[in-house]
Amino acid sequence: MFFESLAKLPQVTRIAISAVAVIIPTAVCYSWIVVPHTKYLSATQQYEFVAGDLARKGQIIKSKTNLKKRELQELQQRLIQSREKFFTLPEAQKFFREIEVVSNQTGCTVLSMSFLSSSKYGLKPKSDKETPGKAPSIISNGVVVNFAATYESVMAFMAKLQDRPQKVAVDMLEMTSIGYNPRILQCEATFTIFIINDKEIFTNE
Amino acid sequence: MVDKTSLGIDISSDKINLALLRQGKDGIKLLKSASGPLPDGAIVDGNIKEPVALAGAIKKLVSDNKMRAKKITISLLAKPFLAQVIDLPKRVPSNIGQYVHSEVKHCAVLPVKNLAFDYCGMALSGRLGNSRFFVVAAENEKVTLIARALSRVGLDLDAVEPAVVATTRALYAKKIAKKFDSNVLIAVVQNATVSFCVFRRQVFDFIRFKDLGQTLKPSGPAFERFIEQINAIIQFYDIDVTDSPGCWEIVAALDDSVESADKFGESLRTVFGGIDVHLSLPQTVCEDTDLIGSSKAENTSLAAVGLAMKMLKRPDADLQVNLLSQEAANVKSVKKLALLTANIAATVVIIMILSVGLLNLKAERVSDNVLSQQQKGPSRETQEMMKEQSIVSLQITDLSEKLQTINEILELNRISDWDKILEDIRHSTPKSICITRLLSQKGSTVTIEGQALSYEGINLFADTLTKSSYIDSTTLAGTGKNDVDGLIMYSISCSLAKETRLSDSSVQSASPKQKAPSRSRKGT
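Respectively, the protein sequence lines represent chains A and B. This note's numbering applies: residue 1 is where the first sequence begins, and numbers increase by one. This note's numbering applies: residue 1 is where the second sequence begins, and numbers increase by one.
Since the hints were derived computationally from the structure, they do not count as laboratory data. All residues carry an ideal CB built from backbone N, CA and C; glycine is no exception. Hints may be right or wrong, so weigh each one.
To be verified - Which stretches of chain A does chain B cover? Using the computed rule of at least three CB atoms under 8 angstroms from a CB of chain B, they are: (1) 52-61; (2) 74-81; (3) 87-96; (4) 148-155; (5) 161-172.
What the hints assert, rightly or not - Facing chain A, a subset of chain B residues (Cβ under 7 angstroms, in silico): (6) Leu337; (7) Thr341; (8) Ala345; (9) Thr347; (10) Glu388; (11) Val392; (12) Leu422; (13) Arg437.
Just chain A, with the same shape it has in the complex:
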């Protein structure tokens, strides 16, 4: 009956019906079946691109981070090395106590010693929670020593004082010959050392 009903229609109508019967289901199937897969593929490709880009960026960030870590390690190493240049408070006390002993050992006669007031060197605190009453991280302490010695004794005295890992700075040195004994020199020297008040500044933890 279906075919007979169609047979009664003009040929143009029959062709149109056939075309519609193909085109509409095709369009519907395409939009319901193919399009979702196409969109999924497109999304997957975009995700692949983004993931690839992210991976590349991740690699770059990783490389940069590794470089920075190495740089940090070097800095830490340098910081640790620089730590040796500083006295701790007990070491500083010991140093000042030993000045007279060292001078005697090197043939120098200490006439007088006067200690200078401390200078404070502020380091940027690791955290903002710095205690208001807490001493600064590095302080310098100086001592002015008047002594009498020969030129060689002065050399030995200087060598002995500075022969240590810590930094012993000679801020001022004056040697004057005494008229009655040209070999004996009247000397005045100002020694400055740097004391670490807070050892945590040499760590970066």
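Given the coordinates of chain A, assemble chain B onto it according to the supplied hints.
For chain B alone, coordinates are given in the frame of chain A:
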């Protein structure tokens, strides 16, 4: 364009006869023939009563014999039907179809409406003309009944025509063609019905149907009526047709219902002593037709062969009538269109399925790539890594600032090798030079004061001092002569080497010996 294969379906009162022909280069070849019984009650009084059963039987016969043809023709199964020669008036009507239709409508045995009819022009004395037409008509419903039934079982008809027309077509090549000097009378016997056709000088000229009342036998009333009809036709031509050749041939196409066909032939020849009488039987189809390679032609219906021949290209009597309506014929094209549509739709579906498969495959590959990228890439999230990088950067900044401050502290005017500086000064001091005072402040300069015997000694002393790696340059700040003892007072200012000052205080220290300081002498 002629289709290569054609199937003819002849349905008699008790049998279904099939003939499958194929047109080759050499001619028409009978591929297969078959016959089978009619379903009980399928045909009653020459009309189809059970079209579904009949179509099923035909389909089964076709399927059993594996017959496949592009064109199918079936014999007309409708009673009453009209097969008549119509003479046109002298004034030929402009619309011949309308004229023929109105003539057919006046046939008492046919319905006025719903009429299926077809006609074709008839040749006159070997020339085609439009003055006479051969018309066939029947009730349309009866024609389309079998067409629909067959269509439902997958057999789409191309033509429907009376069996007698098909029989004359089958016999045309051997019994009718080239008979220019005689009339050929074809008597087609189907049970009790006889169809008489006359071909005058090989042109169709006359048709008549006669119901003999009973099955034809070599003798008896039916035979006598048969002889009587033939004699009447011959007499009609001898008297009423002026240009009749006068010479006759009779061809009796008999079906299986005729008993003792040989005796029937003998009787005919006895009755018509001076006339050539030929019997065409199902067993002699190969002799009576122009089929080639007809070894399979035994017991093939002549009408079925003629029906199959209708859709093939061959010379015949030009009796081209087809009672199948255009709508019924359109069903086949509609089916073809539907098949084409279905094929296109199926192709589209397959393409879509393949596309979806390909898309999925591609998506899977992309997903695998993403997965492998994720596996190859950093395990942690990029955001965490950026955070870590930021933290490390902050730590670096913090450490750098600390180091900078520490370096600044350590680099402030500090000399760590005072013993060596003093040693160099002592070694540089000539014998004629006496140092009375040495002063250094802020670790950048050393001022040496003393007495000398001569200026040369002072200059030598200054020059020698510059050779020290701890002294950059020396400047003779001042000289003066003591009038009392004649000694020369001098003052030399030494600029200490910067590198030396920084050597120990800087973390990145350099050996003083490796960095030779520049020396210059200023003043005398």
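Hinted contact B:Glu388 with chain A - closest CB pair below 7 angstroms: With Cβ-Cβ at 6 angstroms, under 7 angstroms, it holds.
Hint check: 7 angstroms Cβ-Cβ cutoff, B:Arg437 to chain A: For B:Arg437, the interface hint holds, since the closest Cβ of chain A sits about 5 angstroms away, which is under 7 angstroms.
Proximity test - 8 angstroms, beta-carbon atoms, the stretch 87-96 of chain A to chain B, at least three hits: violated (count 0)
Within 8 angstroms of chain B's CB atoms, at least three CB atoms from the stretch 161-172 of chain A: coverage verdict: holds (count 7)
Evaluation of the interface hint that places B:Thr347 against chain A, nearest CB under 7 angstroms: violated (10 angstroms)
Proximity test - 8 angstroms, beta-carbon atoms, the stretch 148-155 of chain A to chain B, at least three hits: Held - the stretch 148-155 of chain A has 3 residues with a Cβ nearer than 8 angstroms to chain B, which meets the minimum of three.
When the least beta-carbon distance from B:Ala345 to chain A is tested against 7 angstroms, hint result: holds (5 angstroms)
Hint validity - B:Leu422 Cβ closer than 7 angstroms to any chain A Cβ: Status holds, d = 5 angstroms.
Hint check, B:Leu337 versus chain A [nearest Cβ-Cβ separation less than 7 angstroms]: Constraint on B:Leu337 satisfied, holds at 5 angstroms.
Annotated coverage of the stretch 74-81 of chain A by chain B, confirmed only when three residues or more have a Cβ within 8 angstroms: Three-residue rule met by the stretch 74-81 of chain A, so holds; n is 5.
Residues of the stretch 52-61 of chain A with Cβ under 8 angstroms from chain B, three needed, outcome: With 7 residues close enough to chain B, the hint holds.
Status of the B:Thr341 interface restraint (C-beta, 7 angstroms, chain A): holds (4 angstroms)
Taken one by one, the earlier hints fail for this structure at numbers 3, 9, listed in ascending order.
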